[in-house]
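S.K.: Using the sequences provided together with the hints, build the complete structure.
Residues 0 to 319 in numbering that gives the first Met the number 0 are what the sequence shown spells out, letter by letter.
To be clear, the hints were calculated from the coordinates, so they are not data collected in a lab. A quick note: this is a predicted structure, and the numbers were derived from the prediction, not measured. One or more of the hints may lead you astray.
[What the hints assert, rightly or not] Label pairs and their calculated CB-CB ranges:
1) Ala63 x Val276: 53 to 59 Å
2) Arg280 x Glu153: 19 to 25 Å
3) Arg95 x Ser55: 54 to 60 Å
4) Gly291 x Ile222: 38 to 44 Å
5) Phe223 x Gln123: 35 to 41 Å
6) Glu128 x Phe223: 34 to 40 Å
7) Asp279 x Ser3: 35 to 41 Å
8) Glu214 x Arg284: 36 to 42 Å
9) Ala292 x Leu45: 51 to 57 Å
10) Asn288 x Arg154: 21 to 27 Å
11) Arg95 x Glu52: 45 to 51 Å
12) Ser79 x Glu128: 49 to 55 Å
Glycine included, each C-beta is placed from N, C-alpha and C at the ideal position.
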Amino acid sequence: MDSSIEFRHLRYFVAVADELHFGRAAQRLQIAQPALSQQIRRLERLIGAMLFERTSRSVRLTAAGEAFLPRARDLLARLSADVTEAARVARGEAGRLDIAFISSAVSALSSALRTFTQDRPEVQVRLHEGFTSTTLDRLERGTADVGIVRDADERDGITLTPLLDEEFLAVMPSTHPLATSGTVTAAQLVSSPLVLFPPSAGPRAHARNLQPFHEALLDPQIIFEGSEWNTVLHLVAAGLGVTVAPRGATQPLPEGTVIAELADTNARSTVQLATRVGDDRPLVREFRNIVGAHPVSTDPTNVRKARRSSAAATASAVTS
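M.R.: The following block contains the structure:
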């Protein structure tokens, strides 16, 4: 098919095929009949086949016209649907949003995600879990539209908006000598092996976790590294060491572990929304506004509730 065939040629052809009368088709299209006849002849030249048999008394489709008609209707319908879809995407009513996030920040994500998917049921949401560093990498590569990160390092071209500020807690095996203390210090923990995530997951986040020890001029011995907080906590539950974690990362707490408040430290952890500088697409803007309107409480009870409800919100997003 010649690339010179235009959308109007298809509309004109379908109108004549429906009416089987050039005069009525011209009235329906609101163009002059000679112009319509000229455009149909042009379409036939472009295709290389007669589409209509014309006599002074009747117009009827040729075999080529009969074969071309359903295809022309399909092309018009698909183009109309594509135009409508593009307009809806432009308004933020449809499309796809890729959200990269870290598991320990799911409490900052779940309520906003539920609201977003309820307000935009035809938006396809895809979730990508990983480190803070890999989340920022996704944003830079364009494989994620927004990110939820923790204690992220500054990067050119990425805007970090604070969402939640949390204290650090000590997590110990229930058999640890300090398990019933309720409150401990870094100095009391330093003699125990430490379990933590690797620096590559996020240099600043890694440094924040070690800050309680460094404030006390202590250098803990990191024995095991886990790829995510769930792994770290289960290694602690197995009695392989202790860890220092943001409050939001300690829920749910595996069986065989206990938490204690950390005294004598100013260390805090910040959950952040990460977006590309200047990215003001409707879906990104809408999600950013919803996240901003859903502040997450640092109260432990509320954090636990948000964590428990996150699974339902995540499942809803993936299937939307």
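S.K.: Return holds or violated for the Cβ distance of Ser79 and Glu128 against the range 49 to 55 Å.
M.R.: Since the Cβ atoms of Ser79 and Glu128 sit about 38 Å apart, the hinted range of 49 to 55 Å is violated.
S.K.: Is it true that the C-beta distance of Arg95 to Glu52 lies inside 45 to 51 Å, as the hint says?
M.R.: 48 Å, holds
S.K.: Take the C-beta atom of Phe223 and the C-beta atom of Gln123, compute their distance, and say whether it sits inside 35 to 41 Å.
M.R.: 38 Å, holds
S.K.: Is 38 to 44 Å a correct range for the gap between the Cβ atoms of Gly291 and Ile222?
M.R.: Once the Cβ atoms are compared, 40 Å apart, the range 38 to 44 Å for Ile222 and Gly291 holds.
S.K.: If I claimed the Cβ atoms of Asp279 and Ser3 lie 35 to 41 Å apart, would that claim hold in this structure?
M.R.: Hint holds: Cβ distance 38 Å, inside 35 to 41 Å.
S.K.: Quick check on a hinted range of 51 to 57 Å for Ala292 and Leu45, using CB atoms only.
M.R.: 54 Å, holds
S.K.: Between Ala63 and Val276, does the C-beta distance stay in 53 to 59 Å?
M.R.: The hint (53 to 59 Å, Cβ to Cβ) holds, given that Ala63 and Val276 are roughly 55 Å apart.
S.K.: Is it true that Arg95 and Ser55 lie within 54 to 60 Å of each other by Cβ?
M.R.: 55 Å, holds
S.K.: Using the beta carbons of Arg280 and Glu153, state whether their distance is inside 19 to 25 Å or not.
M.R.: Holds, since Arg280 and Glu153 (Cβ atoms, about 23 Å apart) stay within the stated range.
S.K.: Is it true that Glu214 and Arg284 lie within 36 to 42 Å of each other by Cβ?
M.R.: Holds, since Glu214 and Arg284 (Cβ atoms, about 40 Å apart) stay within the stated range.
S.K.: Taking 34 to 40 Å as the stated bounds, is the beta-carbon spacing between Glu128 and Phe223 within them?
M.R.: 21 Å Cβ-Cβ, so the 34 to 40 Å window is violated.
S.K.: For Asn288 and Arg154, compare the CB-CB distance with the range 21 to 27 Å and indicate the outcome.
M.R.: For Asn288 and Arg154 the Cβ distance comes to about 23 Å; the hint holds.
Checked against the numbered hints above, the structure breaks hints 6 and 12 and satisfies the rest.
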